[in-house]
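> This is what each chain is made of:
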Amino acid sequence: MAFIPFFIAIPLGAAFLISLAGKRFRASSGPIACAASLFLLAASLAIVKPVLAHKTLVYRVGNWLPPFGIPMIVDSLTALMLVLAGIVVFFVTIYSIGYMKPYTDKWKYYTLLMLLVGGSNGVLLAGDIFNMFVFLEIASISVYALVAYGTEKHSLEGAFKYAVMSSIGSVFIFLGIAILYSYTSTLNMADMAAVLMQKGPGMIVPFVTTLFLVGFGLKAGLMPFHAWLPDAYSAAPATVPALSSGVLIKVLGLYAISRIVFNVFGINAEVSNILVILGSLSMVGGSILAFGQTKMKRLLGYSSISQVGYIAIGLGVGTPLALFGSIFYLLNHSLSKALLFLSAGAIEHSTGTDELGSIRGTCRRSPLAGWASLVGALSISGIPPLGGFWAKLIIIFACIQAGRPMLAFLMVLASIFTLIYYFKAFTGVLFGSESEKSRPFEKALSPHMALALFCLTALVVAAGLVLLPGKWQALINGAVGVLSGGRDYAIILFGAMR
Amino acid sequence: MTAYILCLVLFSIGLYCALRKRNVVKIIIGIGIMEYAANFLFVLIGYRSGGRSPIYANDQVIKSMVDPLPQAVVAVAIVLNLSVTLLLVAIAIKLYEKYGTFDITKINDLKG
Amino acid sequence: MADIAREHGMTVIVKTVTRLTLAFILLYGIYIALNGHISPGGGFVGGVIVALSFVHVMLAFGKEAALKRLHSKGLRLAVNIGALMFLYIVMMRFAWKFPAGRFIIEKMRPHEIFANEIILPLCELAIVGAGLFTVFIALVLLCKYEEKIEKEK
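Protein chains in written order, with this note's numbering: chain A, 1 to 498; chain B, 1 to 112; chain C, 1 to 153.
No wet-lab data here; the hints were simulated from the structure. Any given hint could be a false lead.
Non-contacting residues of chain A with respect to chain B, defined by C-beta distances greater than 12 angstroms in every case (computed) [unchecked claim]:
id	residue
1	Leu136
2	Ala159
3	Ser166
4	Ile168
5	Ile173
6	Leu175
7	Ile177
8	Ala178
9	Tyr183
10	Ala235
11	Val412
12	Pro447
Subject to a maximum C-alpha distance of 27 angstroms in a straight line, what follows is the list of computed DSS-like cross-link-like pairs (lysine-lysine) [said to hold, decoys possible]:
id	chain 1	residue 1	chain 2	residue 2
13	A	Lys108	B	Lys106
14	A	Lys49	B	Lys94
15	A	Lys49	A	Lys23
16	B	Lys94	A	Lys106
17	A	Lys101	A	Lys295
18	A	Lys153	B	Lys63
19	A	Lys153	B	Lys94
20	B	Lys111	B	Lys63
21	B	Lys26	A	Lys199
22	A	Lys424	B	Lys98
23	A	Lys443	A	Lys101
24	A	Lys295	B	Lys26
25	B	Lys111	A	Lys153
26	C	Lys15	B	Lys94
27	B	Lys94	A	Lys295
All figures in this text were calculated on a predicted structure; none of them were measured in a lab. Ideal placement from N, C-alpha and C gives every residue a C-beta, glycine not left out.
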């Protein structure tokens with residue numbers, strides 16, 4: 001339990017070590033980053049058992065008592081997302097060692113990567129709302145710089161659009177924190193929940209909820225705020241959208257908004273409705289916009305927008321079964337999307353192009369990348385027995401159970417659209433025969449890339465097994481309990497902190 | 001009371017500027033104005049009537065002090081917003097090199 | 001004509017005043033950083049003011065003269081060592097668990113040197129000041145690169 005600050009200390013230490021040593025010893029930046037992400041993965045797996053036993057672990061920074069001090073809190077939701085982030089970051093780092101060979105100044109990339117990891121871990125661990133904002137900014141700034149990494153024309157344009165929209169979101173969040181502080185006069189989230197339970201919401205809390213929905217929605221890529229996502233994803237090196245879609249959208253957007261709306265404000269009917277509406281808009285809009293795409297990473301970007309809509313609907317419906325479904329879907333989608341982006345990057349590395357029409361016959365030429373793409377696409381489209389099918393089924397059942405058959409119909413429709421556009425895009429790419437426009441597969445995959453793709457494929461296939469009773473299902477159930485318990489978070493926390 | 005409303009008006013001016021202007025530099029300035037307005041609001045919230053600066057002085061009689069927490073928070077937030085602005089400006093300089101124009105409607109290669 | 005004026009900095013008045021006030025600006029920045037625990041300030045704001053002093057030198061004396069004195073390697077070293085000292089202070093909390101760490105604590109007593117009020121703000125100052133000035137240099141050098149391209153055209 002005393003190693004909770006290591007989740008933030010290790011990536012930040014690795015970032016500055018790489019920055020010191022990376023320019024002189026060029027080959028050392030990759031291994032340092034890999035070692036740091038391995039430590040993080042081991043630490044996040046090690047913290048699962050204490051969390052299952054004690055329900056909530058609290059680490060008080062500097063031993064200041066609440067509400068003056070800044071706590072770092074690990075409960076089941078945090079532990080689950082730490083494991084998820086640890087897995088995705090570890091495999092992306094291994095993949096980067098092979099993928100980043102054509103780029104120069106690799107130490108800058110690894111420094112930014114480690115800062116990104118440190119920032120997102122900080123958001124997960126924060127018990128104090130301003131601490132969460134600072135780490136959110138750290139992670140966001142790192143990812144703006146990472147998207148612009150190649151400094152080609154398109155990377156800069158995508159990075160600029162991403163940076164402008166996302167920093168407008170950050171300013172909205174900061175304004176929300178300011179107004180919330182004026183009402184509750186504390187920045188500690190558990191204390192804020194207790195004060196709001198006493199004082200009642202008044203007129204301030206709906207206003208602040210709107211500000212937070214806009215701000216975190218811009219980070220998460222929900223539908224009216226999605227415009228940066230396809231541009232930023234299509235222009236960046238392939239590991240960046242894998243990290244962003246697998247970790248950042250979930251952590252900075254969905255985790256933060258669910259932590260604040262469920263645990264601090266208390267969910268009520270209006271906010272649920274807004275989440276449901278935004279979610280269904282994202283789901284259907286993302287699928288429809290994905291039809292006309294001709295570039296693979298852009299298609300995957302629109303697919304991300306669509307899947308975030310599913311998770312938002314699950315959060316909005318709010319029954320325990322819906323929350324279970326959406327958290328399980330979050331898990332699945334992170335792993336599958338990371339796999340898809342990494343294999344798209346592998347294909348791009350081999351052929352040199354991103355156009356769907358120019359890539360043919362991947363499963364024959366570069367079988368690992370081809371089969372990895374196939375597994376990822378099947379998981380997201382919802383084909384049994386992979387995990388995505390069970391997750392969608394659970395959310396659809398939960399919608400029908402909650403008395404909203406219209407939502408279930410929309411979800412089935414969006415699933416059909418998803419299946420159609422993945423089928424249309426990937427049959428040619430994976431199984432088609434060579435045509436005149438297709439480019440040959442020149443470079444072979446480096447062993448690091450192959451290892452990462454293989455392990456992630458195995459994990460995506462195994463993700464469906466999480467539903468069987470065991471440690472992981474207990475963890476997800478615990479996470480559902482945290483969210484559906486709502487304001488009990490504050491009461492549990494004050495008990496755990498004293 | 002008017003001070004708070006003026007802060008929100010300043011925030012809206014910044015938001016309008018960031019959304020509607022075409023020049024890249026003006027967008028960055030608009031985001032800067034929004035950040036300044038948010039910082040202003042936060043510091044204003046800490047004001048207590050009749051308060052003085054929150055520094056202990058053993059030789060003076062202190063009636064009330066303003067809240068020191070917003071000042072610490074804004075000190076951090078200023079530096080964060082500064083880093084974001086610096087990154088945006090660096091990207092804008094490189095954009096001008098590659099595209100040759102500062103007009104955001106012309107920097108539109110990624111379509112669809 | 002404009003090029004020559006930009007290369008050699010500003011007028012004599014500005015240069016003389018800069019030479020006189022530079023030490024005071026640095027001192028003011030360090031004062032704000034060290035007094036962060038009893039008055040508004042702390043490492044962040046102090047770092048910004050120290051970076052401003054370097055920027056002042058660069059504006060008054062021109063790019064070449066300033067860059068000769070303040071090496072970019074020293075800046076990177078300052079940023080990284082400042083951040084790693086933070087990490088070291090975190091690690092000190094766990095050092096008593098290991099015999100080697102206990103030895104270091106008892107013999108060399110680093111925790112008395114690393115008092116919370118002095119070293120920590122200086123680390124923050126190093127990070128923020130050096131970081132800001134590095135970015136400023138990067139932007140300035142970008143402009144220089146752009147001028148070179150225009151001249152070549």
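> A separate judgement is required for each hint: does it hold in the structure or not?
Right, here's what the structure says about each hint:
no., hint, in the structure
1, Leu136, "violated, 10 angstroms"
2, Ala159, "violated, 6 angstroms"
3, Ser166, "violated, 9 angstroms"
4, Ile168, "violated, 6 angstroms"
5, Ile173, "violated, 9 angstroms"
6, Leu175, "violated, 5 angstroms"
7, Ile177, "violated, 8 angstroms"
8, Ala178, "violated, 4 angstroms"
9, Tyr183, "violated, 9 angstroms"
10, Ala235, "violated, 6 angstroms"
11, Val412, "holds, 27 angstroms"
12, Pro447, "holds, 33 angstroms"
13, A/Lys108 / B/Lys106, "violated, 30 angstroms"
14, A/Lys49 / B/Lys94, "violated, 49 angstroms"
15, A/Lys49 / A/Lys23, "violated, 40 angstroms"
16, B/Lys94 / A/Lys106, "holds, 20 angstroms"
17, A/Lys101 / A/Lys295, "holds, 23 angstroms"
18, A/Lys153 / B/Lys63, "violated, 60 angstroms"
19, A/Lys153 / B/Lys94, "holds, 9 angstroms"
20, B/Lys111 / B/Lys63, "violated, 62 angstroms"
21, B/Lys26 / A/Lys199, "violated, 42 angstroms"
22, A/Lys424 / B/Lys98, "violated, 35 angstroms"
23, A/Lys443 / A/Lys101, "holds, 12 angstroms"
24, A/Lys295 / B/Lys26, "violated, 32 angstroms"
25, B/Lys111 / A/Lys153, "holds, 14 angstroms"
26, C/Lys15 / B/Lys94, "violated, 32 angstroms"
27, B/Lys94 / A/Lys295, "holds, 25 angstroms"
Checked against the numbered hints listed earlier, the structure breaks hints 1, 2, 3, 4, 5, 6, 7, 8, 9, 10, 13, 14, 15, 18, 20, 21, 22, 24, 26; every other hint is satisfied.
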